[in-house]
Amino acid sequence: MTATATSHRSAVESGRAGFGQVLRAEWTKFRTVRGWLIATAVAVLIMVALGWLTGVGSHSSYDNGPGTPTVTGHPYVPLGPDGEAVNDRFSLVHRSLAGDGSITARLTSLTGAQVLLNHDDPSAPSETEPAPVQPWAKAGLIVKENTKQGSAYAAIMVTGEHGVRMQYNFTGDKAGPTGTVSAGSPRWLRLTRTGDTLTGYASPDGTNWTTVGTVRLAGLPSTVQAGLFAASPVVENVSQHLGGGGRVTGGKSQLTAGFDNLTTAGGFAGGDWTGTAVGSDDAQGLDQRGGFQQDGDTMSVSGSGDIAPDVAGSGDAMEQTLAGVFGTLTVMVVLGVLFITGEYRRGMIRTSLAASPRRGRVLAAKALVIGAVTFVVSLVATAVTVPLAEHILRGNGNFVYPVTGLTQLRVIVGTAALLAVASVLALAVGTIMRRSAGAVATVIVLIVLPYILAIAGVLPPGPSQWLLRITPAAGFAIQQSLPAYPQLSRAFTPAFGFYPLAPWAGFAVLCGWAALALAAAGYLLRRRDV
Amino acid sequence: MEATIDVTGLRKRFGSTLALDGMTFSVRPGQVTGFVGPNGAGKSTTMRVVLSLDSADEGTALIGGQPYHRLRRPLHQVGALLDAGALHPARSGRNHLLWLAHSQGLGARRVDEVLEQAGLVKAARRRAGGYSLGMRQRLGIAAALLGDPPVLMLDEPFNGLDPEGIVWIRGFLRGLAAEGRAVLVSSHLMSELQDSASHLVVVGRGRVVADTSVEALISAASGDRVTVRTTARTEAMTVLARDGATVAVTERDTITAAGLPAARIVSLLNEAGVPFSEISSHRATLEEAYMELTRDSVEYRAAPLATGREEAAR
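Order-wise, the sequence lines are chains Z and Y. Every number in my numbering is 919 more than the matching position in the first sequence, counting from 1. Every number in my numbering is 70 more than the matching position in the second sequence, counting from 1.
Honestly, the hints are just simulated from the structure, not real lab data. One thing to keep in mind: the hints can contain errors.
Over 10 Å on every C-beta distance to chain Z, these chain Y residues come out as not near it, computed from the model [as the list claims (entries may be wrong)]:
1. V148
2. L152
3. S162
4. L170
5. Q174
6. L203
7. R299
8. V319
9. T320
10. P331
11. A333
12. V336
Ranges of calculated distance between the beta carbons of each label pair, as one might list FRET restraints [as the list claims (entries may be wrong)]:
13. Y/T130 <-> Z/A1302: 53 to 61 Å
14. Y/D127 <-> Z/A958: 35 to 43 Å
15. Z/R1265 <-> Y/G85: 22 to 30 Å
16. Z/L1443 <-> Y/E234: 41 to 49 Å
Idealized CB from N, CA, C, for every residue including glycine.
Use the sequences and the hints to build the structure in full.
Below is the structure:
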């Protein structure tokens, strides 16, 4: 039989069959299974519902000691010049400085102490007993906008174990010469103000000066408070126990700093030095007896507290409203897996690959569809949940750590991106394994198990941090809204919600896993018979 | 593009099983080619290789001279039905066709056209999970027709069809071939292909046993046996044997002669004055011809249980 003249020619208008068509086909596949659409709605509901529960289940109240009335709400948390929560509680010995000026002093001693709590009468003067100087206890020279908590400042100081530092506006920290001080090796410090620029110097001998740092405090008023200060943070003992995360116990510590050769120049007001306990509830001033002692150009200043950012202990971090992320993750992982294993189970993969013989395109289209669907669905969920839960939390008297709009956006969008990449990882693992149950279990074990092991305190901090560096769970770093500041002696461990990698670096680790899995899936899909 | 399928020397091994062992045949346009053989003979594997779903260890499978995976718009060139059950049960039949159409740059209008052609309009918007096997076969055929392709390849499309459906599909396949398409239809039952296929590729154990027209196959299987009913059995045998026929007694008053056409037998008996009451030329059914051809394969299939299990597990 001859074939030439009789061959049928397709009468259907010939459309394009490029990647766009494959993409559209995969989207049609997704949207035409009602159960999958319902599942995406469930994924949103889980996130919103758990965020709502986090809000309504948390109430905050406090009192000022035995016998004082209980107040709904949280104790005052000062905010720094940039709006972040700060600790601002220290002993300040100051004079007004109008215009430019400079203050110089020699720091000759740092002495630590532990403050003993008087449980019977918290308002009684505290007893102390000698203790080592805390690593981040600090004393030195400071220029501060005013004596209110959270006001702008710049300070040059010597710390317990971190040498000379120039710190400013709570988050800024520049390192100077190392080493602590003693009578044998004192440290000269100088702080100079010129307009809104402050420069800190350090010197071993009062002759050869090193610049430690220069900072500009925008909007600093003409008249500021300048002088000497001392602060010593709360002692933290961290214990981690199975399933319970970390626990912090500690007590107040105190630092006494001895200065001599105190001189001022420029627009300093005359008269006596004033002692102020910045951040003290009862506004009780420092006096010659307790807070500081002066003898000519020699001065001793004692103080407790800290001048530093506050990142834990005062309230909730915004990402805690996203407790539902694991529910949403599970739903989207199951969808990601089923998007491909469902085709293998019923042999439909053959129809798909016969329609689009370039198999890599099919996988890429599926990844784009499931990734985009998960991103949009999750973004709706996080964008609703965070403001809603924060509103409820604040309404119930809780303190929610304020973060910048950019950070807020990063957590909301980043969580959606995290879920999207997880769903793509699920698709890839599903393609590799071709079995639904096994693939879902594998992905959950890859993402959630390391997180639980690290966060719930099952493992010690070291291995926990490694898990959150190398496993897909590293991606949860995108949710960390409060940075871990090195100038805080806090346990910045996973158990406290601090990740070893920066937000986008952690997210990149997760993306790396997804990319690797996708590459392996593409290789196998092209190579295997179906 | 020429509407042809050319399969040349395909070999494929699954573990210890040789699924394809030099499979070679061609499918031409304008006719329905039956692809017959017992289960496990390699029909489905061949079709998967043709669609570039499975790779062959050796040999080539070309559509109009090109390997399938090089086709730019595959569904415009080949329509295939491999497994009617390859559906997501929650998706409606129409939506199943819709995603396929979208993958080829086709729209919903074409989907409605093939639904009409396959007689599935009423059930189109119901969940495909609730379809009978017959409805799924119709949906699979509709899917194969989406791109109006010159080559159609259907694996066991008769499965699960009711008698009315079988009649419908036979006519349908003949119609498609008459439009100049190359149509390859597999079945493990020859009877299903009766009245639709005009050419047959009979396979067993991964290779082609016969590649012939239906007519030739039947006459080859029939031989040219002629049954003669006569009271003068001995005389008749003598007359016919003398002229070269192989004669055998089948019943008390019937003999069977092979090697001579019926007309010659009539004239020989008349010349010799041997009385006879009936002469019938025997014609084998397609089924008999097929059984004859595939006897080896069937014996192979019925052989040790372990082999059968392996086949099934695949």
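Hints, verified against the model:
1. V148: Not fine: 8 Å to the nearest Cβ puts Y/V148 too close to chain Z.
2. L152: Given a closest Cβ separation of 6 Å, the condition is violated.
3. S162: Check fails; 7 Å does not lie beyond 10 Å.
4. L170: violated, 6 Å
5. Q174: At roughly 5 Å from the nearest Cβ of chain Z, Y/Q174 sits no farther out than 10 Å, so the non-interface label is violated.
6. L203: holds, 14 Å
7. R299: Holds, since 40 Å exceeds 10 Å.
8. V319: holds, 43 Å
9. T320: holds, 39 Å
10. P331: Correct as stated: the minimum Cβ-Cβ distance to chain Z is 28 Å, above 10 Å.
11. A333: holds, 30 Å
12. V336: Holds, because the least Cβ-Cβ distance between Y/V336 and chain Z comes to about 35 Å, which exceeds 10 Å.
13. Y/T130 <-> Z/A1302: 53 to 61 Å: Given about 55 Å between the Cβ atoms, the range holds.
14. Y/D127 <-> Z/A958: 35 to 43 Å: 42 Å Cβ-Cβ, so the 35 to 43 Å window holds.
15. Z/R1265 <-> Y/G85: 22 to 30 Å: Cβ of Z/R1265 to Cβ of Y/G85: about 24 Å, so the range 22 to 30 Å holds.
16. Z/L1443 <-> Y/E234: 41 to 49 Å: holds, 44 Å
Comparing the model with each numbered hint stated earlier shows that hints 1, 2, 3, 4, 5 do not hold.
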